[in-house]
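All chains should be modelled from the sequences, with the hints used to inform the complete structure.
Heads up: the sequence lines are chains A and B, in that order.
Counting with the numbering used here, you get residues 14 to 410 for the letters of the first sequence.
Counting with the numbering used here, you get residues 1279 to 1515 for the letters of the second sequence.
Some hints could be false.
Claimed, not checked - Cut-off 20 Å, straight-line C-alpha distance, at most; resulting in silico cross-link-like pairs (SDA-like, lysine to any residue):
1. B:K1421 - A:I15
2. A:K401 - B:L1362
3. B:K1421 - A:R379
4. B:K1421 - A:S16
5. A:K58 - A:E373
6. A:K356 - A:L371
7. A:K194 - A:K155
8. A:K284 - A:S16
9. B:K1421 - A:K267
10. A:K73 - A:V59
11. A:K155 - A:S116
12. A:K203 - A:T238
13. A:K401 - A:M315
14. A:K356 - A:R379
15. A:K401 - B:V1364
16. A:K28 - B:E1423
17. A:K356 - A:I383
18. A:K28 - B:L1362
19. A:K194 - A:D170
20. A:K284 - A:S146
21. B:K1421 - A:E373
22. A:K73 - A:K356
23. B:K1421 - A:S25
24. A:K267 - A:S16
25. A:K401 - A:K284
26. A:K401 - B:I1338
27. A:K28 - B:I1338
28. A:K267 - A:K284
29. A:K28 - B:G1401
30. A:K401 - B:D1361
31. B:K1421 - A:G19
32. A:K203 - A:A256
33. B:K1421 - B:G1401
34. A:K28 - B:V1364
35. B:K1421 - A:M14
36. A:K155 - A:R120
Hints in this document: simulated from the structure, not taken from any laboratory.
Keep in mind the model is a prediction, meaning the values are calculated, not measured.
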Amino acid sequence: MISLAGRDILHSWSKFVLTGLGLGLLIGVTFTMAGVYRGMVDDAKVLLNNSGADLWVVQKDTLGPYAESSSIHDDVYRSILGMPGVAQAANVTYLAMQVRRGSTDVRAMVVGFEPGQPGEPGYLVAGRRVTRSHYEAVADVKSGFALGDRISIRRHDYRVVGLTRRMVSSGGDPMVFIPLKDAQEAQFLKDNDAIVNERIRTAANPALNRPGVPGLLDAINASQTSNHNVNAVLVRVAEGRSAEMVGRDIHRWKHLQVFDREQMEEILVAKLIATSAKQIGMFLVILTIVSAAIVAFIIYTMTLGKIREIAVLKLIGTHNRTIAGMILQQALGLGLIGFAVGKITATVWGPAFPRYVLLEPGDALRGFVIVMVVCTLASTLAIRAALKVDPATAIGG
Amino acid sequence: MDQGVGIRIEGLSKRYGAGETAVDALKEVNMSVAPGEVVGLIGPSGSGKTTLLKCLGAVIEPTRGRMTLGGDVIYDNAWKISDLRVLRRDRIGFIFQAPYLIPFLDVTDNVALLPMLAGRPNGEARARALELLQALDVAHRAKAETSELSGGEQQRVSIARALANRPPVILADEPTAPLDSDRALAVMRILNQMASQYQTAIIVVTHDEKIIPTFRRLYNIRDGRTFEEAGVGRALV
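In structure tokens form, the structure reads like this:
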């Protein structure tokens, strides 16, 4: 038996292919949206992986350091290091800010870390690691910085000595790694005018500026201009020890919030990007509905254009099943072209997106099934119209 | 079974609607066409030609009467065949005013489609189509798109399609309407040849004055009743 759908497609292939291309671009957008969501989840996982930590110790009753602000003293890590089962503990700071490159701004997550400790960039793709205590930086390639570039952060300039990749915040901002002390200054130290103002205010406060207590004012001023806070302590657990147990001990004895890897992933994926995920989900639903409407409209229009032929086919004895099959096959063919075009376009334009777009084979497979189901459902309108055609209409009168 | 009859209708009536608004489109129509015979069916607009054609083509159900096709009773106050689609496919050929070829099939497949629908293997169906296309002198356009054919060629292909399943009867609805005199007569000559060659009964509904003399027998339908006018025409073959 001849494939009526195949012959019809071959007969008007240009119309069919152009329609498929249009549909494919829409499907490509849908895949990209799904890829953006997957990219966000993957970024979160990579962020946790690259930190090299098993536990995140943060301010009590906060979900820091990524989802909420957290501030703890920078000497806490020493006491944590002394606890059983802790192999490494290191301070880190995270600060999302605009860093300057010449006359332009770059949105970045500035990370303060201690070399050789958890929190430093996992690997480099160019240059070297930070070896000096001040004014050197390692930047993610997405920031646009090149080796040797100068980055202005607050009052100081930093030279880019190394480049890393896939080190972005949960918001998608590329990371810039600088030494911890510099990062603490950048985050907590006020500008000179503010310091002068603060000193004047302190000096004017009789409770803090007591003539009978020499040195008190200087001590207070010194404490106001120095900072000893970090956002979190990253802990690496000794081999063979349970991260959960070590975390429980830290929480119990140090009165700090501790998250293990699974909990932190939950915070990042389920809480931090939940709104974005819902937004993307809404887009996916809308795009799916729009795609279905387009396929339904195209197939319905194509079918209406063949009403006379369908009437003749029915009159000469073609089974309704054959006619319905023809329309269904055309809808599926359109979906197949759309899927192929969508997958290719999403793959081609994905890397050009500012955020990481992760196209997973599983999503492609699910997308294929959804496209085919949508096309099948969309074809029902046209099939209904075709089955309603009276074969008598082929005979004049 | 009466093997000497291509199609016979006796007392066939068709009423549309009911009650005061009922319209009797056909009233006790009688008609008989022998295998190999081509008869004309003429009548003014609204006389019931198309209704009769649709009843004969098993696309609408008569109200009462009897129809015999190739010796089998297919209607006797009710359809005697359960699957009218199969009846139309296997036992009735249709030729339309416009050829209504399937535009996405080439010439051969337009003709071969019917045997294929009837379950014939593709090779056998195409061989049958080519044989008919040769008989109708359009075999040289066998691989052509239907849009590349002239009007006359398209009509010949539609005749080949009507013959494809060797039906005992062909219903032709104004097959010469869009053609000039020469081509109209050529089509009638072909229909006579095919009727004779394949022993098919052909009923031609027409308004076309120029082909009326070509019928040996003519049925005139007026107000839903048929009147036979024998010996009106001349033989074309």
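Going down the list of hints, with the structure as the test:
1. B:K1421 - A:I15: 15 Å, holds
2. A:K401 - B:L1362: Given pair K401 of chain A, L1362 of chain B holds - Cα atoms ~16 Å apart, limit 20 Å.
3. B:K1421 - A:R379: 42 Å, violated
4. B:K1421 - A:S16: 17 Å, holds
5. A:K58 - A:E373: With a Cα-Cα distance of about 15 Å, the restraint between K58 of chain A and E373 of chain A holds, given a limit of 20 Å.
6. A:K356 - A:L371: The given pair, whose Cα atoms are some 12 Å apart, holds under the 20 Å limit.
7. A:K194 - A:K155: Distance ~25 Å between K194 of chain A and K155 of chain A Cα, so the pair is violated.
8. A:K284 - A:S16: 52 Å, violated
9. B:K1421 - A:K267: 88 Å, violated
10. A:K73 - A:V59: 25 Å, violated
11. A:K155 - A:S116: 18 Å, holds
12. A:K203 - A:T238: 7 Å, holds
13. A:K401 - A:M315: 15 Å, holds
14. A:K356 - A:R379: Holds - the C-alpha atoms of R379 of chain A and K356 of chain A are around 12 Å apart, at most 20 Å.
15. A:K401 - B:V1364: 18 Å, holds
16. A:K28 - B:E1423: 18 Å, holds
17. A:K356 - A:I383: 13 Å, holds
18. A:K28 - B:L1362: 36 Å, violated
19. A:K194 - A:D170: The given pair, whose Cα atoms are some 14 Å apart, holds under the 20 Å limit.
20. A:K284 - A:S146: 35 Å, violated
21. B:K1421 - A:E373: Answer violated: K1421 of chain B to E373 of chain A is near 46 Å, above 20 Å.
22. A:K73 - A:K356: 46 Å, violated
23. B:K1421 - A:S25: 17 Å, holds
24. A:K267 - A:S16: 75 Å, violated
25. A:K401 - A:K284: 52 Å, violated
26. A:K401 - B:I1338: 15 Å, holds
27. A:K28 - B:I1338: 37 Å, violated
28. A:K267 - A:K284: 26 Å, violated
29. A:K28 - B:G1401: The given pair, whose Cα atoms are some 31 Å apart, is violated under the 20 Å limit.
30. A:K401 - B:D1361: Since the Cα atoms of K401 of chain A and D1361 of chain B sit roughly 18 Å apart, the hinted pair holds (cutoff 20 Å).
31. B:K1421 - A:G19: 17 Å, holds
32. A:K203 - A:A256: Not satisfied, since the Cα-Cα distance of roughly 37 Å exceeds 20 Å.
33. B:K1421 - B:G1401: 15 Å, holds
34. A:K28 - B:V1364: 34 Å, violated
35. B:K1421 - A:M14: Between K1421 of chain B and M14 of chain A the Cα gap is close to 17 Å, so the pair holds against 20 Å.
36. A:K155 - A:R120: 10 Å, holds
Checked against the numbered hints listed earlier, the structure breaks hints 3, 7, 8, 9, 10, 18, 20, 21, 22, 24, 25, 27, 28, 29, 32 and 34; every other hint is satisfied.
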